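Letter by letter, the chains look like this.
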Amino acid sequence: MAQRNFLLFAAVGLLFVLTGILMSWNVSLQILNIGVLSAIMALGVNMQWGYAGLFSTGIMGSVALGGLAVVLVSSQPNPENWAAGGPQLLMSLALGVAVIAAAIIAAQKMALGRARNFTIAAILILGFFAYRYFFDQASLAIETINPENAGNLGGLGLPSYIAWIVGALMAAAAAWVIGKTALGLRSDYLAIATLGIAEITLAVMKNEDWLARGVKNVIKLPRPGVPYEVDLQQAPWFLSFANNIGADPITASTIFVKLVYLVLFGAVLLGLIWLSERALHSPWGRMMRAIRDNEDAARAMGKNVKARHLQIFILGAAVVGLAGAMLTSMEGQLTPGNYSPLRFTFLIWVMVIVGGSGNNLGSVLGGLLIAWLWLIVENAGPVIMSYATYFLPDGGLKSHLVESAAQLRLLTLGVILLVVLRFSPKGLIPEK
Amino acid sequence: MIVVEDLHRHFGGFRAVDGASLEIKTGSITGLIGPNGAGKTTLFNVIAGRLPPTSGRVFMDGEDITGLPPHELFAKGLLRTFQIAHEFSSMTVRENLMMVPAAQKGENLWNTWFSRAAIAAEEASIRAKADEVLEFLTITHLADEKAGNISGGQKKLLELGRTMMVDAKIVFLDEVGAGVNRTLLNTIGDAIIRLNKERGYTFCVIEHDMDFIGRLCDPVICMAEGKVLAQGTLAQVKNDDRVIEAYLGTGLKNKVKSG
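As you go down the protein sequences, you meet chains A and B in turn.
Each residue of the first sequence is one higher than the last, beginning at 411 in the working numbering.
Each residue of the second sequence is one higher than the last, beginning at 1358 in the working numbering.
FYI, nobody ran anything at the bench for these hints, they're computed from the structure.
The structure displayed is predicted, hence computed values, not measured ones.
Among the clues, some could well be false.
[Claimed, not checked] Keeping only pairs whose Cα atoms sit at most 25 Å apart, straight-line, the calculated BS3-like set for lysine-lysine is:
1. K716/A / K1433/B
2. K1554/B / K1433/B
3. K716/A / K1462/B
4. K1462/B / K836/A
5. K842/A / K1503/B
Take the sequences, apply the hints, and build the full model.
Shown next, in the form of structure tokens:
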């Protein structure tokens, strides 16, 4: 078994080596870094699904919240926008919370009947308009100042590592809210609820410009202590280093930066694998497996299934949020338009299923393999197709085939999923 | 002692339990019999917190336990087994037993990362306990088998074994003998009697096998159509007119009486 796993990982490693030799090491490392981040996301999903059988389709929401955290924590503050409407905006948000709290209190304290219904409705309707009145004023004030470059409140200017932790915490907080309301739902209803909530999260991020500029994107987010290529190309130590290994300084700098990211992300991945393997091979893991096998019996044997589901749901979301924040830090920009359920929910699911749900190593393998396929097919597809169609006369059909080859990624993933499920239904590295 | 007062559990218009009142005395092995659909399992499910009652109360040693969730009842020493065995199929038989003890140190995530020594010590004692239970039930040879692969009767034994991993006060056994062969059924019966005598477990047993009930249970309670019909020794209950009618219908009752 261990030998088979080693071979599988070696095979995936070979894919990256071949990419490095045949295309470029730059591309190979870029894909590998995204692969490592995908593997972390897959680990998080595997916690929810593999350990506990919770089917969440809101993974994209956790990724997006992680990305948002990077803007809110590590980007520089915009003092003018703050002065224009920051305090009033916070006040209006507090008002909104107070309105909801008042409605809850009314619902609890008043006797059932028409008076209660009217009171609750009045509080909510009047409260909503009062909240929107202050909120709209404030957000408009913020968004009209310097909209080309800012137009938002900006962040706190803190280090990226703090942003990563905040990203995990934000995703965890969202998961807590979802878990409290939706975890009682049966599997398919939980899937629909999480799908919807992820879309709502994204809609807020796209439309609330004061928060993170919406679809205008936030660029130039700071790197997590990783040097910039332009700085390296001027640093004497790096130039002499590049000279010593006989490499072009520009290429060397891009590769160097990606290697630093790889070490950083790889360390996080290894740390998370260590933590989850320890947890899984312990009485905690045994309890989770028991709950997944048979909830009724686990309850009858004294386990608080609801609390455990909530715990693992939050942990899984936090891991995904962490990876989402790391991804945004690496890309250096937040682009809400790029968050799609296909890329950040279902692709992660394919990783978990292909790798082998319930198995941490399987998720990592699936993450690396599927991320590689996803990114490589887009580049390699047209090349392969042009070889495959070289005998065809130039013209409509040939150019059509070559042009559409970039879309082959969906087909490829479908084929891979089917093949793996046919020949290894429990994934490439099945749960023991 | 368990006291059930005027318990109702309706499913829409269907009254599965329809005003049942009964007592289970501490230290007894109380049998619960009745034709199929009498409401025995629903009664168990309500007492054990799996279903909320429509109305009525359940008391345990004077304390109102109506509607408490199963894991809180477990903490109070009220355990149950299932009519259809609910084993943890992907886990070994030994693991099925080892998961039972409450509030294990190793169930805390922080400890799984940073207090491995304490967990190892605790695991050793839980494992020893599990092996004891396996020996008591004469299934030591199955310890490392996946629970999903053992026979139906062995699963029933395993369920009984799970209740032995903690100091239970009262155990509700739902058709512990269904689909179990004679020899194994005797083993289960012996185990129940020993647990009752040696450890002071109180049992409430649903069972259709009257020989089994007669050997173990006193008193016996008969239910039909969601109500308690009769209570007493098995001989008394068997000869009760209402019981015979519930099992056989009115027409046959007279034939049985005369013949």
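Now for the hints, and whether the structure bears them out:
1. K716/A / K1433/B: holds (19 Å)
2. K1554/B / K1433/B: holds (20 Å)
3. K716/A / K1462/B: holds (19 Å)
4. K1462/B / K836/A: violated (32 Å)
5. K842/A / K1503/B: The given pair, whose Cα atoms are some 11 Å apart, holds under the 25 Å limit.
Checked against the numbered hints above, the structure breaks only hint 4 and satisfies the rest.
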